[in-house]
Amino acid sequence: MEAYFVAIAIIVAIYTLLALGLNLQYGLTGLINFGHVGFMCVGAYTAALLAEQGWPAPLSFLAAAILAALAAYPLGLVSLKLRDDYFAIVSLGFSEVVRIVVTSERWLTNGVQGIPGIPKLMGFTGSGLVQASAVLLLLIAVNIVVILVMRRIVHSPFGRIIEAIRDNEDAVKALGKEPVGFKVRVLMLGAALAGIAGAFYAHYIGYVAPDQFIPLITFQIWMAIIMGGVGRVSGALVGTVILMAFLEGSRFLRDVVPFISEVEMASVRLGVVGLALILFTLYRPQGLMGDFTRR
Amino acid sequence: MTTCDRRTVLKTLAGASMLAAAPGLTLAQGAGTFRIGALNPVTGAGGPYGGGMQKMIVAAVEAVNAAGGAGGRKLEVFAEDTQTQPQAAVLAAKKLIEINKVQAVLGTWASGVSLAVVPLTNDANIFLMHCSGAPALSGPPANAKGLGYRFQATNDQFGRAFAEICAREGFKRPATMAFNNASGIGNTEGFRKAWEKKGNKVVETVVYEPSQPSYRSELQKVLAAKPDVIVMGSYLADTTIILREWFQTGENQKWIIPGWAANPDLIKALGNEVTEGLISVESVSNEQSQAFKIYDAAYQKAMKQSGLNNAYAAMTWDMVTVLALALEAAGPNADIAAVNAKLREVANPPGKQVSGFAEGKEALKAGKINYEGASSVLDFDQFGDVTPDFGVSFVSKGQLSRKYIVKI
Amino acid sequence: MASFVELVLTGITSGLVVGLAALALTLVFGIARFANAATGDMMTVGAYAAVVSMAASGSFTLGVVAGAGAGIVVALLAHLLVFRRLAARAPVTSLLASIGVAFVIRAAIGVAFGHQQKVFGLPVVRPWRIFDVRVQPIDLAVVIAAAATLLVVFLILYATPIGRRMRAVADDRSLARVSGISPDRVMVTMWALAGGVCAVAGVMLGAKTVVSPDMGWDMLLPAFAATILGGIGHPVGAVVAGILLGVVQEIATPFVGFTYKIALAFFVLLLVLLVRPAGLFGHSEGAR
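Protein chains in written order, with the numbering used here: chain X, 1 to 295; chain P, 1001 to 1408; chain A, 2001 to 2288.
For reference, chain X alone in the conformation it holds in the complex (with noise of 0.2 Å):
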């Protein structure tokens, strides 16, 4: 019982590292990410192969949160030029390219057989909910540390720059300031945090394939951000937890409620997610948690 809640917990706290990522992205500067698991598919690449080799686990998470920002450097070059819409369509190709290429490079990643094996994190606690737990622990001291950081940077000139650049790109300009430059570090950012959640991502599922990085994924943070409240540090926090609170609550109500089967509770899930993007934009587009306005 306890793991099986120790097991969610963990997952809800790599997701909220996700959605923190997103929310720096587009709930602060405005941009309208639709790639965010392609830069979690890279830190999860990167910490998979790097444990394979042997390196102790904080430098091969550094390395994920490096490559994924590194990624993310190009993609921010070519694209933040564009109107935000285009920026959308070609981040969302961009995950897919990720994945192409996971997929094609099996000297490098196995191809679709994907690694297996990959070493749980903190084993030295010894092994079940001992250390699950403390895999949490740590997920949530990095959250926290996350969520700190962010505070500091909405505070402070860069945070005020890129908020000025969510509200008024021209404004910005006008000022003298570049806003590219701001934006491909944002994105960078973003992007590090998503690299830092496919390493935690990687341990804990213990295997990594292509197919686990598809953009579903990124949707579903989205869904997790604009319920909790676009702009909000808590939102994401919030967002996540409805978000896992509902794709787990499923499995029960299906123990209630004998009668639709699990196909149609597969088509069901979906569907609810498509329906809270709906409704959300439609009545709620400031989220539970309020306007990022009044913050």
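Some hints here could point you the wrong way.
[Said to hold, decoys possible] Under the rule of at most 30 Å between Cα atoms (straight-line distance), these lysine-lysine pairs were calculated in the DSSO-like manner:
| id | chain 1 | residue 1 | chain 2 | residue 2 |
| --- | --- | --- | --- | --- |
| 1 | P | K1368 | P | K1407 |
| 2 | P | K1352 | A | K2118 |
| 3 | P | K1268 | A | K2118 |
| 4 | P | K1226 | P | K1201 |
Hints in this document: simulated from the structure, not taken from any laboratory.
For this one, chain X is given, so just place chains P and A on it according to the hints.
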């Protein structure tokens, strides 16, 4: 405004956790039941098979319970969807193990999913019975505790069978086409290894991506090598499209296709002329066997189509049946280790051949039994793998008929 | 040589499917000003409606008509229930909502029809040989269906009053409003047109491949690429770009392999955005 929203959030969360807690409370007790987790690929790449697999677990459990249960216990099923994704599968398995307290997880399908789930079932000391082909699942660490059982042929076994058939049919210039996933490539690579071991050459190898509007350029590359037979590692949807386009090119090759793709659905989708002469290879689902007839009846009742359409559903049917027989043989209140000790005993020779749970339960009173399954003869080796024989069927006038059996 | 020509033919027919999807996308993009991610799933709707009505009636033509009808109904519903209400907001809002619409459509199809593949059951025949080039009757059918659809769309766009108003809105929305054009009727017509075109594209894809709940979503990225390559809001451009992409993809396959060819659409898209953001046929409105 905000406070109100926070309250809504809290309510939602409270509701969710109550939902989570409720079944745990009601289901945790009951020593008179043996709990089974049906963890199947209901959606995702395994979608065409997962629904039937799950329904056959439920149907087989009903059959066991109708016969008075196994080892004095009723079976209970908790169904979950892996979404053919490791992450969803891990969470689903955690839920089955922690909340539903299942004692066996049955019917994981994709190799990636089984590889991700097997550490959890090992930690919990419960069974994992799967339909995955990856060789890594045979030995340690994946199967260190001997609680993993494979009901499907391994990729290498399939490849060896394909090579045997090629040799026997006198083909000289085989080419391969594989769906770009672990199973598709596993089959054709297994074939290449076995074929080259015989001192032959594969003239062309193409790996294709799914979900495309056309596979003609892939076909063109394969056909340019002038193969006399094309060996596939494919699924139903892509095979349907590829064969249709191949026929439209006007070429005349033979095809060797795994049984899960070359099935009655394929023939129905393409018609008799296109499918004439296709060679379908599957680990023997004894259509002749009594076990298959029983399974087939259950499948037709649940899915309104022939049980031949879903080789994996026959495997999940066998999983429940053989597990229940082991439970029966181990007697009341046996723990997992005791049941595990009986599993090979009821499935492998020697013993009276039986074809279903009720029959086996009767026969167990008299002595040893040997369950002959619907999916294969079901004899487990020391790794928990079956070494199925392979049935080779030819399509003629829209009918699949088995010509011979290949033993490897 | 013959095999090269065959590759090009394959590219053209695959490209026509993508091109039609891109046409629907570009109509919405040009007039409602957002990227409609539900385009692919509207294709799926058309394919399912056609498969079901063909199974009932035995006529493929009737299936196509029923498919187009279903596509129109679903597109209009999406417009009336969702997109119309978001018209005043930022385009990204509609884009996000369209992903929601896509998921809801796919979920509904999954519940109603299950995940087993369906096929049209059109007769499969051997090819005709024209100068050693193998031409397949189904391709001809696809070309004819596409041509008929394009004819209807272009007649409506260029030879009717409502079409003229649509183009006016696409060119300059505020000018159109000042001239007394009611955006409501234009929108309804546009969505009906887009839904019908999607559905026909879906039927064509279904006839070439198999019908399954995920079929349309998989076509979305190539369709986006064709839309941008053709120049947003440019109907002819979308179709030509779709064909071009299809042909390039087939011809390039020997060099890039069968996996990377899927990424090709993306690189073309990126290249166009960097070099000529307005697309091949686009006018003033750029991508920056």
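Evaluated hints:
no., hint, result
1, P:K1368 <-> P:K1407, "holds, 26 Å"
2, P:K1352 <-> A:K2118, "violated, 43 Å"
3, P:K1268 <-> A:K2118, "holds, 10 Å"
4, P:K1226 <-> P:K1201, "holds, 13 Å"
Checked against the numbered hints given earlier, this structure breaks only hint 2.
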